[in-house]
Amino acid sequence: MELALNVSYITLDGFFQVNKYRYLYFMIMFTLYILILCCNFAIVFLIVVEKSLHEPMYIFIAALLLNSVMLSTVIYPKLLTDFLSKRQIISYSVCLFQFFMFYSLGGSEFLLLFAMAYDRYVSICKPLQYPMIMTKNTISIFLTLAWIVPSSQVAVVGVLMANKKICNFTFTGIFCNNTIYKLLCVYSKAQTVYDMVVLSNVAILPAVFIFFTYTRILVISYQSCKEVRRKAAQTCLPHLIVLISYLCLCAFDVIVSGLESNFPKIVHSILTLQIVMYPPLFNPIIYGLKMKEISKHLKRLFCAVKKN
Numbered sequence: 014m015e016l017a018l019n020v021s022y023i024t025l026d027g028f029f030q031v032n033k034y035r036y037l038y039f040m041i042m043f044t045l046y047i048l049i050l051c052c053n054f055a056i057v058f059l060i061v062v063e064k065s066l067h068e069p070m071y072i073f074i075a076a077l078l079l080n081s082v083m084l085s086t087v088i089y090p091k092l093l094t095d096f097l098s099k100r101q102i103i104s105y106s107v108c109l110f111q112f113f114m115f116y117s118l119g120g121s122e123f124l125l126l127f128a129m130a131y132d133r134y135v136s137i138c139k140p141l142q143y144p145m146i147m148t149k150n151t152i153s154i155f156l157t158l159a160w161i162v163p164s165s166q167v168a169v170v171g172v173l174m175a176n177k178k179i180c181n182f183t184f185t186g187i188f189c190n191n192t193i194y195k196l197l198c199v200y201s202k203a204q205t206v207y208d209m210v211v212l213s214n215v216a217i218l219p220a221v222f223i224f225f226t227y228t229r230i231l232v233i234s235y236q237s238c239k240e241v242r243r244k245a246a247q248t249c250l251p252h253l254i255v256l257i258s259y260l261c262l263c264a265f266d267v268i269v270s271g272l273e274s275n276f277p278k279i280v281h282s283i284l285t286l287q288i289v290m291y292p293p294l295f296n297p298i299i300y301g302l303k304m305k306e307i308s309k310h311l312k313r314l315f316c317a318v319k320k321n
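Quick note on numbering: the sequence shown equals residues 14 to 321 in the working numbering.
Hints are not guaranteed to be accurate.
Claimed, not checked - PhoX-like, lysine-lysine: derived pairs with alpha carbons at most 25 Å apart:
1) 91 - 33
2) 149 - 177
3) 99 - 33
4) 239 - 149
5) 139 - 239
6) 178 - 202
7) 139 - 305
8) 149 - 64
9) 309 - 64
10) 309 - 239
11) 149 - 33
12) 64 - 139
13) 149 - 139
14) 64 - 239
15) 178 - 195
16) 139 - 177
17) 91 - 195
18) 64 - 305
Unchecked claim - Label pairs and their computed distance ranges (CB to CB):
19) 43 - 110: 47 to 53 Å
20) 79 - 169: 21 to 27 Å
21) 157 - 254: 22 to 28 Å
It should be emphasised that the hints constitute simulated quantities derived from the structure, not laboratory data.
These numbers were taken from a predicted model, which means no experiment stands behind them.
We put the beta carbon where it would ideally sit given N, CA and C, even for glycine.
Put together the whole structure using the sequences plus the hints.
Now the structure itself:
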């Protein structure tokens with residue numbers, strides 16, 4: 014029975030003194046998860062019900078926030094279960110699924126930011142052509158590709174890993190990220206090359222395009238009137254803040270998994286959690302505070318709730 018358990022399940026060895034602090038950890042993560050759901054759904058609900066927000070930029074923001082909720086839901090419920098369990102284990106198949114969802118939705122985040130950057134570029138640099146370019150079909154294509162392209166490419170990685178033999182049944186982490194590669198007996202160079210191609214397609218190239226786009230917007234805005242500069246700063250700054258913070262956290266993911274043996278367990282766990290804590294929690298706050306139209310409607314919504 015014990016042999017079968019070892020073959021079927023992976024031990025998650027990244028938790029720090031979970032037996033001693035399990036209820037404290039559970040309450041902290043449960044509170045964060047509820048905050049993530051409430052903050053993100055509040056803005057998504059606002060964008061859905063307010064007709065004045067039925068514009069491409071706000072639709073992409075709603076998609077980004079929904080993507081954050083899905084990413085959180087892949088991680089948080091399993092973490093909460095582990096905090097209350099005597100043994101922190103996960104089956105290899107479920108671990109692969111979590112890995113697949115984590116990086117698929119992570120790639121979608123970049124492509125949604127890519128779509129938002131393109132929308133801002135057309136809006137500011139080609140305002141007369143904006144209605145003809147950013148049609149409902151264009152928005153649908155961007156949203157479809159944002160979720161299909163990363164998932165189809167990461168799925169290939171998952172299938173390749175599912176067919177490989179694992180020699181290590183102890184996972185030095187709290188959820189299944191790219192540290193899962195260290196469970197494999199053999200990791201081929203061909204898969205390394207493919208992983209780099211996927212990383213380029215869903216992260217590096219979109220990030221390069223986004224920075225190029227915003228640079229172009231800033232150049233054109235600087236050469237234009239004060240009103241254009243104000244509009245560019247007002248709508249582009251939140252997107253840049255989100256992009257830069259997300260890039261930093263993705264770099265964390267790579268660095269932490271590569272240097273995990275050099276970190277104490279508690280430090281490793283905290284650094285890993287940053288990736289699934291900050292974007293879904295602070296993205297709605299950034300958009301809620303920095304986007305003038307969203308902020309205005311949020312104030313109205315809260316005032317109406319207080320009156321009732």
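Taking the hints in turn, this is what the structure says about them:
no.	hint	verdict
1	91 - 33	holds (19 Å)
2	149 - 177	violated (43 Å)
3	99 - 33	holds (11 Å)
4	239 - 149	violated (30 Å)
5	139 - 239	holds (17 Å)
6	178 - 202	holds (16 Å)
7	139 - 305	holds (22 Å)
8	149 - 64	holds (15 Å)
9	309 - 64	holds (14 Å)
10	309 - 239	holds (23 Å)
11	149 - 33	violated (53 Å)
12	64 - 139	holds (24 Å)
13	149 - 139	holds (18 Å)
14	64 - 239	violated (28 Å)
15	178 - 195	holds (11 Å)
16	139 - 177	violated (50 Å)
17	91 - 195	holds (21 Å)
18	64 - 305	holds (15 Å)
19	43 - 110: 47 to 53 Å	violated (22 Å)
20	79 - 169: 21 to 27 Å	holds (25 Å)
21	157 - 254: 22 to 28 Å	holds (26 Å)
Of the numbered hints stated above, those contradicted by the structure are hints 2, 4, 11, 14, 16 and 19, listed in ascending order.
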